[in-house]
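Colleague: Make a model of the complete structure from these sequences and hints.
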Amino acid sequence: MAYNAYDADVIVIGAGLAGLAATAELAEAGRKVILLEQEPASGLGGQAHWSFGGLFLVDSPEQRRLRIRDSHELAWQDWLGAAGFDRPEDHWPRKWAEAYVDFAAGEKRAWLHRQGVRFFPVVGWAERGGYEATGHGNSVPRFHITWGTGPGLVEPFVRRVRAGVARGLVELRFRHRVTGLARSAGAVDTVTGDVLEPSDAERGTPSSREVGGAFELRAQAVIVTSGGIGGNHDLVRANWPERLGRPPERMLSGVPAHVDGLMLGVAEAAGGRIINRDRMWHYTEGIDNWDPIWPRHGIRILSGPSPLWLDAHGKRLPVPLFPGFDTLGTLEHIMRTGHDHTWFVLTRKIIEKEFTLSGSEQNPDLTGRSVRDVIGRALPGAPGPVQAFMDRGADFIVERSLGDLVRRMNQLTKEPLLDEAALRREIVARDREITNSFTKDAQVTAMRGARKYLGDRLIRTAPPHRLLDPEAGPLIAVRLSILTRKTLGGLETDLSSRVLTESGEALPGVYAAGEAAGFGGGGVHGYRSLEGTFLGGCIFSGRTAGRAAAKAVG
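Here the sequence shown is numbered in the working numbering, starting from 11 and rising by one per residue.
There's no promise every hint is true.
Unchecked claim - Within a straight-line C-alpha distance of at most 20 Å, the following computed EDC-like cross-link-like pairs (lysine to aspartate or glutamate) qualify:
1) 359 x 409
2) 359 x 481
3) 325 x 429
Unchecked claim - The calculated label-pair distances, taken between Cβ atoms and stated as ranges, are:
4) 429 x 378: 28 to 34 Å
5) 388 x 51: 19 to 25 Å
6) 478 x 183: 43 to 49 Å
7) 123 x 390: 31 to 37 Å
Just so you know, the hints here were simulated from the structure itself, not pulled from any lab data. Cβ atoms here follow ideal geometry from the backbone N, Cα and C, with glycine treated the same way.
Modeller: Below you can see the structure in the form of structure tokens.
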């Protein structure tokens, strides 16, 4: 078929970070691109805009300045320990994992730096694991926060795409919802769907689904970058793995409602193979947003290691399920207790130093690149967004006495499950372990170990103290819920981001990247993430897809 029969060289479906990365590479290679997005123009950048901007880097200058000794070998050991690859279909995910760790330990930081991305100087230590050396977790801090958080990371990719628009190579078509992919002459080259009515909905808020028309577009290649299923609770429950217990009856959403996974079904109907549907990444420290943007909007607490973490009955979670250590291990344990919620119990001293809320909008100092405001975090008092939740959040309870705290905790749940005397015994026992330099309490050991890292000592971990010490009070309890977030499985792709079929052959003309492709290969993370790898996975797989498609249609 003649070239002029096509509307573009490549059609990219989804204007999130992966779609922007792919489109930028295509335009800079001189290819003509149509970028389709079902949301209004306000949604450019997708979920990445709302993120904390954390990136997994290996042996970075930021790490070295903090005397963190990291290496490619250690990072790969940690990745394998977290991923637990054990299925035949893990062939391509493992190859993608190798390529991604090479990227994170190689050109990733320098490549982003050339585009203007900068990093907060203190490296975070996410997913600490707490198991043996070859088990899950980061052996060293690797969570690099983008200066400007999610918007700061999206910014250079938007700029590159806008440059493509100015050159006449990129056409942005918002309010275009894809419902079908079709073949012509053996390759998938036709994209059909609905044109949704115009909407002035602000970013993240629900937009109209009224259909105003239809479209049909043709290109030599199609790249699917439509995201995962986190906003579709029915689909989350349908794919919920038995190993994580029963699905929660109540979940909060860490992503907007339009992250519904419907495009994955369209790609599958066209012949693409979806693997690892049961691998997913949901957080256990979710709280109701007192000022929601989307339905069931939840925020994740990024806590240091000190809060006492209790199940619905007031029992401490087992070792090593401390805050920030093992997300899915904690999720599995919680779902086997018969209840969906857990509790943090902590003090004013702990919340002032250890509580950060995930998301660009919850960190205006970092998002706004304000050095003065960031320095203000070291001053007495909880950060402003945290204080707002303490004042207005439905899940926060602040009291001077343990008795009053427990009474109000019981009022916040369907039935009173907590016994004050039992909880007091638990807390007093924990407090006894604080009063001398020796302890058998693994969490106390973890707290003291964290403070040996300069970054944690400065801004992340409070000095160990008794929870019932009046000088550290008042006491604070936080009800925690399950918060949906990421899809770890997805469309199976080879190292060129080509979507594969059930037979293992490439589906002609179709590529996939980002969460739709399990961040690469159909599940680069395996069973667990080391964190900071979702945004980076979107960038890496989007870049790969864009470059591969540009070469294929050249």
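Colleague: State for each hint whether it applies.
Modeller: Verification of the supplied hints:
1. 359 x 409: Cα-Cα ~14 Å, so holds.
2. 359 x 481: With Cα atoms ~9 Å apart, residue 359 and residue 481 stay inside 20 Å; holds.
3. 325 x 429: Given that 20 Å is the threshold and the Cα spacing comes to 10 Å, the pair holds.
4. 429 x 378: 28 to 34 Å: violated, 45 Å
5. 388 x 51: 19 to 25 Å: violated, 39 Å
6. 478 x 183: 43 to 49 Å: Between residue 478 and residue 183, where Cβ atoms are some 60 Å apart, the hint is violated.
7. 123 x 390: 31 to 37 Å: holds, 35 Å
Hint compliance for this structure: hints 4, 5 and 6 are not met, and every other hint is.
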